[in-house]
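So the chains spell out like this:
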Amino acid sequence: MKREEIQRAVKEVVLHVFENMYFMFPEVIAEDEPVPSFPESCFKAGVAVKNGSETLMLYSSEQLVVDMAKNLLGADQPFAETDLIDVFKETANVIAGNLMTRLGLDSSVALDVPVAERLQPCSELRPVPGAREVMFDFEGQLLKVAVVTSDR
Amino acid sequence: MAFNVLIVDDSSTMRSVIRKTIEMSGFDVGQFFEAGNGREALSVLDKEWADIILTDLHMPEMDGRALLKALHAQATVSTTPVVIVTTEGREERLDELLGMGARACIKKPFRPEEIRNILMDVLGMDEEAMQDKEALEGCDF
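Taken in order, these protein sequences are the chains called W and B.
Position one of the first sequence corresponds to residue 0 (numbering that gives the first Met the number 0), numbered consecutively onward.
Position one of the second sequence corresponds to residue 0 (numbering that gives the first Met the number 0), numbered consecutively onward.
Check the hints yourself; a few may be wrong.
[Said to hold, decoys possible] Listed below are the simulated BS3-like cross-link pairs for lysine-lysine, each with C-alpha atoms no more than 25 angstroms apart in a straight line:
hint, chain 1, residue 1, chain 2, residue 2
1, B, K106, W, K69
2, W, K69, B, K19
3, B, K68, W, K49
4, W, K43, B, K106
[Unchecked claim] Rough simulated footprint, nothing fancy, chain W against chain B, three-plus residues with beta-carbon under 8 angstroms:
hint, segment
5, 54-66
6, 83-91
7, 98-111
8, 117-125
[To be verified] Only part of the chain W face toward chain B is listed, based on derived beta-carbon distances under 7 angstroms:
hint, residue
9, V16
10, N19
11, V86
12, V93
13, T148
Just so you know, these hints were derived from the structure itself, not from any lab.
Yeah, the Cβ is synthetic: ideal placement off N, Cα and C, and Gly gets one too.
Just chain W, with the same shape it has in the complex (with noise of 0.2 angstroms):
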């Protein structure tokens, strides 16, 4: 699949769960615009295909898992890591389900369990050139969406 059908997919699906699961719109960077400055501690998680070697991976600034957290959950209460994690666990859960249903995906393509965990460093959020991926701006809160393939 082409990287361009991959990346307007992944736009589309990414807009549309972040809106109606958290009520937030990101904005898109654009491949030649400058990205924010990137945080101290971040997430990262990731979804593989069964059977397959295509990962949906995504990164996230810690403070945006906080913000996602608060809307799904409320904000009068504190997080442990514990609820950060499966918060951004089930985030990778429903834009990879969302995608494959954006794709057209033959129905014999399954999706494994999500795994999710805390990234320190956070240079894997940096944009990687040519790499099917796409970054997302919440008003200076990063998110990396990235199909990658692994040999497995």
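Once you've looked at the hints, dock chain B against the given chain W.
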């Protein structure tokens, strides 16, 4: 009549969101039960009665599809309505789940009114009864 609801999802976040959505929708819920996968759900159902089950599909240990099969094989719970809450949107997959006995599918991300409408339909409630109840409780959904 109060309904007992079993929510099955490996994400505690999603269980919490579904629970809050149902509470806000004005349903008369007796008890909420929660399980992190199909096996835990079956264990809950060994001890408790649920009037409706909302389950995710992708879960570790025992997924939603295996849970549907297991429920179908148990006489005591084979008629309990099961609603799948999933990111899956491909027609073939959804048709397959409905063919396996699921009563409805809700696609993530969902809006609160989608859960409300599907639960009303599955539980056989009408809008008028819900509005009367909301008026009584002052709950404006």
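Here is how each hint holds up against the structure:
Restraint check: the Cα-Cα separation between K106 of chain B and K69 of chain W comes to about 22 angstroms, which is no more than 25 angstroms; the hinted pair holds. Between K69 of chain W and K19 of chain B, the direct Cα distance comes to roughly 14 angstroms. Compliance with the 25 angstroms bound is thereby established for this hinted pair. Annotation: proposed proximity of K68 of chain B to K49 of chain W holds, straight-line Cα distance about 21 angstroms (limit 25 angstroms). Only pairs whose Cα atoms come within 25 angstroms are accepted, and K43 of chain W paired with K106 of chain B is accepted, the gap being roughly 24 angstroms.
Closer than 8 angstroms: that is the beta-carbon criterion, and the segment 54-66 of chain B has 3 residues meeting it against chain W, so the requirement of 3 holds. A stretch counts as covered by a chain when three or more of its residues have a beta carbon under 8 angstroms from one of that chain; for the segment 83-91 of chain B and chain W the count is 6, and the coverage holds. Given a C-beta distance limit of less than 8 angstroms, the hint that chain W covers the segment 98-111 of chain B holds, as 4 residues qualify and 3 suffice. Three residues within the 8 angstroms Cβ limit are the bar, and the segment 117-125 of chain B against chain W gives 0, so the coverage statement is violated.
Look at V16 of chain W: its Cβ gets to within about 6 angstroms of chain B, closer than 7 angstroms, so that hint holds up. Using the Cβ-Cβ criterion of 7 angstroms, the hint placing N19 of chain W at the interface with chain B is satisfied: the shortest such distance is roughly 4 angstroms. About 5 angstroms separates the beta-carbon of V86 of chain W from the nearest beta-carbon of chain B, less than 7 angstroms, and the hint is met. Against a cut-off of 7 angstroms between C-beta atoms, the interface hint on V93 of chain W holds, since the closest Cβ of chain B lies about 5 angstroms away.
With a cut of 7 angstroms, the hint placing T148 of chain W at the interface with chain B is violated, because the nearest CB-to-CB distance is about 21 angstroms.
Of the hints listed earlier, those the structure fails to meet are numbers 8, 13, in rising order.
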